[in-house]
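Q: If you follow the hints, you should be able to join the two separate chains into one complex; please do so.
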Amino acid sequence: MNRPIDKTGIKIGMWLFLYSEIILFGGLFVLYAVYFYTYPEFFAEGGRELDRKIGAVNTVVLLISSFTVAASITAIQRKAKKQAVGFLIFSILCGVIFLVNKYFEWSAKFHHDIYPNSETLVSGEPGLNIFFGLYYVITGLHGLHVIAGMTLLSISLVLVLAGRINESKYSMLENSGLYWHLVDLIWIFVFPLFYLVL
Amino acid sequence: MTTTESFYDTPSPAGLTGIRAWLLTHDHKRLGLMYMWAILFWFVIAMLCGLLLRTELMSQGRTIMGPELYNSLFTLHGVIMVFLFVIPAVPAIFGNFFLPIQLGTDDVFFPRLNLFSWYLFMFGGLLALISLFSGEGFPDTGWTFYVPFSVEVNTNVSLTVMAAFILGMSSMLTGLNFITTFHRMRDKKMGLMQIPLFTWSLYATAWVQILATPVISITLVLVVVERLFSVGLFDPDKGGDPILYQHLFWMYSHPAVYIMILPGMGVISEIIPVFSRKSIFGYKAIVWSSMGIAVAGSLVWAHHMYTSGMSDVSVFFFSLLTFLVAIPSAVKVFSWIATMYKGSIEMTPPLLLALIFIYLFSIGGLTGLVLGAVGPDIHVHDTHFVVAHFHFVMFGGTGFAFFAALHFWWPKMFGIMYDFKKAYIGSVLTAIGFLFHYVPMLILGMQGMPRRYYDYLPKYETGNFLAGFGAYLLCIGILIMFVNLLMSFRQRVPASSNPWGGTTLEWTVPSPPPVHNFVEKPQIMEFPYDFSEIAAQVKGNKR
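So the protein lines, in turn, are chains B and W.
The end of the first sequence is residue 194 by my numbering, with every number in the run present.
The end of the second sequence is residue 535 by my numbering, with every number in the run present.
One chain only, chain W, in its complex shape (with noise of 0.2 Å):
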């Protein structure tokens, strides 16, 4: 096994050499790690925004930067974190990277248009670079953009907007190629029920993608028609009716909730069988939850909008869907605390984050409920409660499941191992500085202290104090995780091909991967999840 050369000595096309071999590459493998780095560069951008804000709120009054500057930083913290860092992470870097050799393939169906969405997304981020530091600022508008205020500040709204419509593009044209990946390039022994569920829940989120991402598109380019013609289609003083674009927002922008939390869900579901060397529970289950959600997922846009103004029916209906939204998610959080029980479990840095991943999601999706039942969210609409609920979602989650995922598949991605003690702790100390971070905001919520506001009440600085020194806990302890990880480039500990004892297809080929993925003929397996052979392998050792 020794002898395969890996896809990094081996450039795709053939015959590029240096930079070129990574800039015009079509490798999805290459592709995967280069949005790995642009993803984690705005990680941290956005990151540090958060930890600006967050140390304004410390105490009372002006902290360390003036309103303008706050409206600001909260808008850019937003859109990168939603379009640069969320919704591409689990797709773009692990999508990329797996979803063929989980299929038992060498490529995605289209690996030039492949290598044209990488571009679109940095294109998209250096607009959104390029808007921070041109015309009249970065908008203050937060990353809704909701009119009127979008169409008639004067900030650089346009571009921003434009940078978004772009970045959407790429994530949409990535779905589009998986599904086409998914339905033709399959090795012909996979069917549909032999799909690893990581692969599976990237095919859900694909679809979402490419249902909910032209309405966001169009929206955007509305936001840029009003600010550019006036002509009038939000403006009341028109004949226009601004909760229109509210409407049309979150048409997209719910659905695009599901393409953040999907694939995150598809990594647990990976991880959680390996290290309890079980079979997953209910297989069938999260398959179809998956697509379940993708579906309800889709109709329940307007559980943002309560207090926007809409019939009761229309109210009604919404929440109603709301509350059925929850049941495929409840259904995987079963399934994956099912498949450890009576498992044997072997505690490793990513099962740990897996384990985070869960607790915080069903906060998350419990707080969810809260807010989805209309009287509760009355009283706290706009608060800190949502902030505090949708970060227990998007980063208790998806960021959970993209460190998990991080820490799962390194040894694959880069043929070298980290070291497991400083993973624990910084993986700990970040979950410990996310509670710290993230409770307080809840209470402060059911309190009244409304969201996005640069200064407030004596009664909220306990709680805001409490957040503060909690984001500074979650930012070291991120550190600590991705400083290890680095680390582990000047170690160079190597990683066999099956360090987890994982069953997927990415298992039985070398770390890292050959260029084509594949050295001999991909055995399927009739379930993608059977342990038996790992199980008696490791009972083999002990004897």
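One chain only, chain B, in its complex shape (with noise of 0.2 Å):
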């Protein structure tokens, strides 16, 4: 039957997938929280142990995209579309400087010898272990997030491009907007979680 397309439902299946990402990583952050408990001391070193001008960098780059995925939305509604392009290019590229800072921040840290199962990991105290293993689970976890977010993205601007988004059908562009926020969301947390603990 053709029926008119219902953007409200096409939302809110949207948004009950969203929720359920944050329990994903809701299950991590109970584990954050029971063993920030148990080990404060050496969450608080291995905080000082990242790099927080990276993460810094990384936090507001992410912000920045999600300014401009969104103001990509408000330009596809003004039937702006090589604008609507244009930003959603930089945002891309934005989740590529994210994953490249990531990637020397992480490499960094293996040259340290600071890795899951690593000799100093594992020879050392058990708190920073966990901490470390947690910055690893959590940060991985989230750039494959992150990398999922740039496809949909990346699916979104070949629409754009192709014409099948446009101003009265961009429900695939604002779930895509919609889910890199969720990917910028969680690295709210994450950040001051890892990097500024005390």
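Treat the hints with care, since some could be wrong.
Under the rule of at most 30 Å between Cα atoms (straight-line distance), these lysine-lysine pairs were calculated in the DSSO-like manner [what the hints assert, rightly or not]: (1) Lys181(W) <-> Lys7(B); (2) Lys181(W) <-> Lys3(B); (3) Lys334(W) <-> Lys531(W); (4) Lys165(B) <-> Lys180(W).
Calculated directly from the structure, the hints in this document are not laboratory data.
A: This is the structure we're talking about:
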């Protein structure tokens, strides 16, 4: 049957999905909370070893990209296709910058023999091992989500270029944008929990 | 009415032919049937695993298999039953088929996502199959995958865990689809308190699915991560805490129990009023108890862990909450019984199965209280008592609700009627076998026989033999039931659009329904269980 597209319904579905994603990370944050309670001093020590500058830059990069994604949706609604494309490309680039930063950050840590099951961590303090274990698991999973978000944005970009996403039909772009905001939101929690801990 | 083409003859999307009309379909009814055949396949496999286990236990010592195979087999039985049968059975088959019809609409909100969920389900099942025959063999961890064993053992845990992860995804997406459908596709004239109870129960279930499933997803991911990278999050040597795994695991897996039982309760709430020719007693109470179970059931997980090490305060807290969940469940049981009181009851196979459900589920619920209380639980924790308890709920409850739903909606789904006599024989035999099977287990557990043990002391032999005997009766009963249903394809006794005298919307459409479900605009009744018209018709026929 042909019925008009129910944008609200599509959005409800997306929000429910985002909600499940938050619970997914919620499990990890529960682990964080318990272990933070067990090893507060080592979490503080571990936090000092992380590079706050890179973390801060990444936070800013993600926040800006969230803005540009939102801007691209407004642009589409105003029929400014070129603007929308520009904003989208910029957002995807922000994602790339984030991942490149992450790469350097991780490889620096690897260089110092800090990675799961490394000699330093296994024979060192258990609290530090847990801190860095959680660091790798949470930022790793978040990184996967960044990649997924970039994929969604790229698909939206292609659809915008093809004219399949336009001022009357932009649910795909809107949902990709929502997903990207989620990636951003989770990072906003991850950043203080690991980089700014006491 | 005979001129309408059923959904079997109308592919959706149009233009598909042959097998592609099934494999690429967006039609919720076809998807429901595709789920049905897959789920029945898994059910039979897991049932046979269970039968082999009980055969092994019928006499002391080695009977038909070694201890390693026994461990793998009970894991396989658990994993298949939980993830491939009990959780998806009612929502994926009957939910898919009937939720849109009961809401007066033509499909779920995201039909393509629905198809995708089915593929996820099949893919998850396939992975489980592959993990059986590859690597170091199927895991022997039990379906709970407790650390540290699940992280250290060489068997193919990672693949099985990924299968469970994907199956979880599938059930979660189905839940997401149902919630959206419930809110956005419902007939405009249908208010919240005019929705059939089966749909309400699916709605409550869907929320639990979305709330809880991601927790198991992340827990299972962590098991894989630990196996691959040995991070040590649950390893005491590296600062981790294995108890935390149990918390995370049960944070999902206890609510999952309600994912399993709530749709079954919904089925019973449909069947009882239809065959009592009487409006359901306490419609609103049942709706609220469904939602109440969904909320309270999410807060009781740690009652699986009384012996794992917890503070007395939390033990007290979780015990109290566990008792609270019993209240909404009891509300339902009382409502069903009150519905039958002074009704004009017509005995049919679905009603018989529903009655067996009430009986067995009540025993399951009451033994659950024994386990919810801390004192007795410490005595019977991890014994056969627990095994019997949850089988009373999962099998006596959900299993029988599933059989009841099969018999109730069979004429609607296929447009044909089965033989009543054989259905009765099958149901009664199943119920008797069930009692023979699980009552001895309750007693064995009280006597202290632990679960998951390959061998036992001589004093447990009688009980185990009886349980094994019951298992065979049970399987024969189920076999008769299924064969009878399948035979109906041969006899092809046509069923009318409303063979039982039901009042919900699925009984107003032809059997089997046309592709868009409704021939004419659905008439929404003031109250979904108003039997005054049906009763008048019956009276008229008698004169």
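Q: Output the numbers, in ascending order, of every earlier hint that fails for this structure.
A: Of the numbered hints given earlier, the structure breaks none, since each of them holds.
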